[in-house]
Each structure stands twice: as structure tokens, then as C-alpha cells.
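A.B. asks: First to last, the sequence lines map onto chains P and D. Every number in my numbering is 63 more than the matching position in the first sequence, counting from 1. Every number in my numbering is 42 more than the matching position in the second sequence, counting from 1.
No lab work stands behind these hints, which were simulated from the structure alone. Hints should not be assumed to be uniformly reliable.
[Unchecked claim] Okay, derived cross-link-like pairs now, DSBU-like style, lysine-lysine, Cα gap no bigger than 30 Å in a straight line: (1) D:114 x P:145; (2) P:392 x D:237; (3) P:468 x D:155; (4) P:145 x P:538; (5) P:214 x P:255; (6) P:148 x P:566; (7) P:100 x P:555; (8) P:255 x P:392; (9) D:266 x P:386; (10) P:468 x D:178; (11) D:275 x D:184; (12) D:55 x P:145; (13) D:114 x P:140; (14) P:410 x D:178; (15) P:148 x D:74.
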Amino acid sequence: MTSILIKNGIVVDPEQNINGEKMDIYIKDGKIVDECKADKVIDANGMTVVAGGIDIHAHIAGPKVNAGRAMRPEDMKHVRMKSGKFRCAMGGVLLTCPSIGYEYARMGYTTAIEPATPTLYAIHTHEELDSIPIIDKAALPLFGNWHLTFKFAAEKDVEKMKSFVAWAIERAKGYGIKVVNPGGVEAWMYGKNVHSLNECIPGFEATPAEVLTTLMKASIELNLPHKVHVHCNNLGVPGSAETTAETIELAKKIGEYCLHITHIQFNSYTGDTWKNMGSGAEELAKLINDNPVTVDMGQVIFGHTTTMTADGPFEFALFKLAKSKWINKDVEIETGGGIVPITYRAKSAVNAVQWATGLEFGLLVDPDKIVISTDFPNGGPFTSYPYIITLLMSKKFREKEIEEKGVNNYIEKATSLLSIETERTFYDIVKMTRTTPARILGLKNKGNLKVGADADVAIYPFNCNDMPDYERILKALENPAYTIKDGEIVVKDGEIVSENWGKTFWVKAKEQSEVIEEELESVFKYYTVSRGNYGVREEWIRRAEAIRV
Amino acid sequence: MGGGNLTIVIKPKREFEVCVEAEIVPGKTDFKVYLGKEVVPIEELFYVENIDDGEDRILLQGDFSRVKWIGKSMKGGEIIVEGNAGMHLGSFMEGGRIIVKGNADDWIGGMMKGGEIIVEGNAGNRIGCNYWGESKGMEGGKIIVKGNAGNYVGEKMCGGEIIIEGDAGDFIGTEMKDGRIVIKGKAGYTGWDMKGGEILVGDCELSPSFVKEGEVFKGDVNVKGNGSVKILKIN
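Chain P extracted, bound-state conformation:
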């Protein structure tokens, strides 16, 4: 492995409170080191050096991603790169596995988390993650609609819940707890949904609030690096802001940090019909800043995309609105899922509010608490992160986009975007794309440039102490001068120059499955799937890295 010296770069690393200092960075054996003899010197004079970006929430692998690809041949026929030295990369918004790795690296991102994988299908998710080059990755198994989760939540039995979570995460080689519409997907199996946190889940004694509370407590007691990652109830409907506020209240009661609310934009609408829907971002941003929770944006990008979520009832509602194709999936006693292609239109009042709401969060929430995301592919392609960053950094660019795209002027009434003067600094942006997601995920060697951290580095061709205009920022962010992954230069001037294989992180929690042995036995006695069907072995994964807690 070569050693690299990045000379005279302007470093931004909020983890070490470094804001635009001229420094040299040494890389050896895939790690950042104090000093070493460098085989290769990169002259980064006048360029900005930051850690590799981290995407905390992007559906990049698993059965539903694959089903989405099969459902959108018209999107998949777009050729990004022909095979040659590297593998062929295809896809418009949805991407093939090689395409995902290359596109992340091409914008200076080096880590991405697949946030929803049914434990039963974890093997598929890992097969796909293993086919994604360059980036490090991890998968979050779904817990919000397991029958056993409901049982332990109803009994308020944190001990058993802990044991169950540890068992399932170990089986799935997962990284944390994902909860999607707790109780709602179970209710959907009877054609229903749950509409509030305190409504009883059909067939069980538990409520969504109890499910969340028990899981949050379990995540704290297990000392998981990444706490509960939740897609709230009532997602995507007017009035959802209220449910989100109640969910934040639940986390507040616990008293310590244990909740990450994902794609918050989709969960922040006020009003009671689509006609009077508005943005609840202002109030929610205050709540988030005051309480121990973190969020990611879930920004909407105008254009077509394919929505895919474990939230089956929501996808059905969307199918009714969009009148396009629809896939529904029932993963027996675990979870469900749905896929619907849609188009976000700037002229549509609802879509315009969604677009503005995401940006409001990005501008109002403390950068230590919010991460940039599009909930790929639900809000749009992750390849538009440079665009989102530029929108957050320049009010002039926001005004230009509103003007040029003809964004529906209903946003003036329904959101506060137009009155927000804030322009994020590059330091804030580095927090929102590197430092904060690394902290939320508990990845100590990521998102910073400390000695000993993983040598995932992005070098952008602009000087962050003398910010250029928005057009040049956008161009620079889309074409990093270098992306270095594990100490190897993978991108030069926005093009892939070599490819390597990233790690798959998983959490090995202390397993106490004997506590729930009886429950597991009783489930598998009557279940159509046998216990042997659960489980991914570590040696099946290309570069598994266990994090023991």
C-alpha cells in the first residue's frame, strides 16, 4: 500500500475544530498518520481537504432496491459508464451496484448506510452491498413490525427486547435498529394503518409509543453505536408534523440521546388535507434543537424517481395519488414494503412545499443535529447532494432555482423558506455531511482527519477561506480533485481512476438469546419459515468488520 502526503491543503475538520487551516496530511496503510515517508505527494495548494462524506440513509441494497430496478427498466437503460477498465455503470435515478459505488466516490463520499433490510432477506442485502465497490457500508435491520417486538413492547420487557435485538442484529449482520411506521405495516396486513402513537396495534396489546420506548431503552442498554433510526408513523400525510413532535417527546422522556428521525422532511406537514398542507419545519426545528434527537433531511429533488419503503400502507396511498406502477410486499411476521415511481413537479403546490420544507430543516436545525440526505431514492438521487449543499450555502442560488424552475408560489404561504436569510458556511456543511453522521453512527474512525482515522479523504478544487460564487461551488463539489478511500486514490478530477472494496460494518452485541429462547421456539414452531433461514455468516461477507459492544 502506498503512502501519500497531501501537501498544503486547506483543511476543514469540525471534529478537531479545524476551520480552513493550511496543513499537511499524511496517509499510510489506509490510516491517517502523524508523519511518514510519502511515496506520492498530492499538491493541494488552494484546495479544500475534508474527510470522506457519509450518507446516513440511502436505500442502496436489498430486495426492494432490486425489485425497483426490475420495475423501472426505463430508468435503468441510462448508461453512465461503459465497461472497460471498470465495470459498466447504469441507471438514471436508480443505479446498479457498481454505479452506486462509483457515483458516491465521484462526489467525495466514502460511506453509505442501507437503512431498511428485513432480517429474513439480510443475505440478499449483503450480497448486493458486497457488489458495491469503493464505499464502506452497513445495513440496518427492521424491527418496527416484528410480532416479537410487539410482544415484548406490550410486556414492557426491556431485558427480552435487548436479547431479541441482539439476536436479530447478529443474525442479519446488521448495524442498528430501524423502525418503520411501528405497528402500521402490521395493520396494513389487514388493509389498515395506525394513525397515532397511542393507538393499539391490531391483534396486539402494544401501541407504537410503547414499541419505540422499549426499543430506545434496549438500544441504550445494549450500548449500540447507532441508536434507534425511526421512520415515523403517519409519514407523508398532512398533519404528520404532530406525530413527529409526539415521537420527539417520547425520546425526551428517556432523557438521553437515543433517537434518529430519518427523512424528517416527509414527516413535517401541517394541515389536514392536501389543499391546506403546509410545512411544520419551523416548530419541529426548535424541538429538535432543544431535545436529544438527530435528524436527516430527506430533501426532495424535482424530477422523476422511484419511492421504496417498508411502509406498505403509505406506498398504497401514494399509488392511489400517482396512478402509476405499484409493488407491494409482505414479509410475513416481520415487515412489508412497497414501491411506486413518482415525479416531483416544481409547479405542484404539494411538491413545492416538500422541496421547501427539506431546505428549511437544512437551514434551521443545528448542523450538529442534521445530516444531508435525499432518502435515496425516495426524495431523489443521492448524486444531487452537491446541488443541495449549494442551495444551503447560497440564498442567491435558492432564489434563482425558485425563479428558473417555476416553483409554485404556494411555498410563500405554506413555508418560511423565502424569509430565511441563513447561508450555511462550508464548516457547517462539513459537519452535516461528515462529522454529524459519523457521531450519530458511532463510527469513530470516520468523518474526521485525526491521526488514526480511516484514510477516507475528499479534496475539492476550491478555497473554502475565499468562497467562490455558487456556480463554481457546485462544479467543484460535483468534481472533487481527489477522492481517497482506505489510502488509495480512487477518483481524480471527478473520474474514477481505481477501485477497491470497502468494509461492511456490523455490530456484535452481547447475545443473551437464552432469555428469549422460549419465545423464539414458539414463533418458529408455527412460522412458515424455519429458524435456519435466518442468518448471514461473517465469512460470507467480503470485508466484514465487527464492532463489539
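Dock chain D against chain P, hints included.
C.D. replies: For chain D alone, kept in the frame of chain P given last:
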């Protein structure tokens, strides 16, 4: 590169064992020709002769049945295929005219928006259809097939006209939204999930979800469609 006021005569240098993709379009001389995944100069596979006669025309002489994508996205001018033509003839076409003296293969006029395609022999399957996954098929223009056609004529068609003078196969006007299909001979299954537009057919197996209104059948009622099918019953 120029083109425009030339008649370009193109002949294959050999018989192709594997299909060649050649986006031969009037108004151009730098055609994109693929042999496998490589782009090759057109002279490698074809004899090309330019005749400066003031016409915007391409003459394809010889067997083009293994040459795909002739006239892809063409906007004007004329292509005359003197033998048979391969798949995807005139797909995404916006204007101009293509005449095929022999037979045409599958996918002629896929998602075309304008212009005219005339096939004097038979044509294959999926005439004026959408490509996989797309929500709109042919949106405008005209396709005339003097012989017979295969399965799938005008799937998800949104406009324009398709005329088949012989017989056609199954799945005529499936999910059709607008436009007109005329089949002078017989056809198989017709009208499934039709939402709008008009089909005139000599004889066919009409979807049972159509309601007779005067001389025509209206449907498909399963999708609250308002298409009309007229069966001419010529023996």
C-alpha cells in the same frame, strides 16, 4: 459534420452474422455504428457513396435485416431501404419518411412522435409501442404496413395512426390512450385495458369488457376507458 443535400447510398460489405447497430439518419454523414460495444467507422462495415444531387435522402441497398436502429430519432429527410430492415426501425422518430421495400423486423416506430414509416412487405412484433417500462408508446406520425404484422400493435399508444393492410397478431391497442389503429385483415386479442383512441379491425377477438354502442364497441370498462373498436367483419 454536414450532410443535408446529398443522396447517400449505403451497402453492406458482407453478410452480418451478428446484428450491427447503425444509427443511420438523414442530414448526417458521421453515423454512429456499433460492432458489439465498440463504435466503428461506417466504412468498416458498409460501402458509402455520396451523390451530390440536392436531395436529403439515404438509400440502403442490400440486406439490412441484421442492422438495427435505422433512422433512430430522425427529424427529417428520407430513408429508402431497398431490401429488408432490422429491428428498431425509426424509433423515437420525429419527422421525415422511411420506406422499406422488403420486410421490417420488430419494434418499428417505437415511441415515435412524428413522420411516416411505410413497410411494403410484412412487419414484426411491437409496432409503435413503448419501450419497456415507459408509460407512453407512439405519440404521433403514421406507420403503414402493406403486409401482415406480428403481435402487439400500438401498446400504450398516445397519438398518430397505424395502418396494417394485412392481418395482425394478438394484443392490439393494449393500454392504448389515444390515436388510431386500422387493421384491414384479421387480428387476435384486441383492446385489453384500452383507455381511449380508436381501432378499426376486419375481425378480432375483442376483450369481453367492451359494451356495444351502435356500430362500435366502447371500453375497456375494467379501466373506465373510453376507447372505441369497430369490427368491420369483412370475409
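A.B. asks: Hints first: check each against the structure and report whether it holds.
C.D. replies: Status of each hint after checking the structure:
This hinted pair checks out: residue 114 of chain D and residue 145 of chain P have alpha carbons roughly 21 Å apart, not beyond 30 Å. At roughly 28 Å between alpha-carbon atoms, residue 392 of chain P and residue 237 of chain D fall within 30 Å of each other, so this suggested pair holds. Restraint check for residue 468 of chain P and residue 155 of chain D: the C-alpha separation of about 26 Å stays at or below 30 Å, so the hint holds. Using a Cα cut-off of 30 Å, the hinted pair residue 145 of chain P and residue 538 of chain P holds, with the two alpha carbons roughly 23 Å apart.
Between residue 214 of chain P and residue 255 of chain P the CA atoms are separated by roughly 20 Å; this keeps the pair inside 30 Å, and the hint holds. Under the criterion of a C-alpha separation no larger than 30 Å, the hint pairing residue 148 of chain P with residue 566 of chain P is consistent with the structure, at around 22 Å. Under the criterion of a C-alpha separation no larger than 30 Å, the hint pairing residue 100 of chain P with residue 555 of chain P is consistent with the structure, at around 22 Å. A distance of roughly 15 Å separates the Cα atoms of residue 255 of chain P and residue 392 of chain P; the hinted pair therefore holds under the 30 Å criterion.
The suggested pairing of residue 266 of chain D with residue 386 of chain P holds, with an alpha-carbon distance near 14 Å, which does not exceed 30 Å. Distance hint between residue 468 of chain P and residue 178 of chain D is fulfilled; the C-alpha atoms sit about 24 Å from each other, no more than 30 Å. Taking the CA atoms of residue 275 of chain D and residue 184 of chain D, the gap is about 24 Å. The hint holds against a cut of 30 Å. Using a Cα cut-off of 30 Å, the hinted pair residue 55 of chain D and residue 145 of chain P holds, with the two alpha carbons roughly 28 Å apart.
Straight-line distance between C-alpha atoms of residue 114 of chain D and residue 140 of chain P comes to about 16 Å, which keeps the hinted pair within the 30 Å bound. Between residue 410 of chain P and residue 178 of chain D the CA atoms are separated by roughly 22 Å; this keeps the pair inside 30 Å, and the hint holds. As the CA atoms of residue 148 of chain P and residue 74 of chain D are separated by approximately 23 Å, the hinted pair is consistent with the 30 Å bound.
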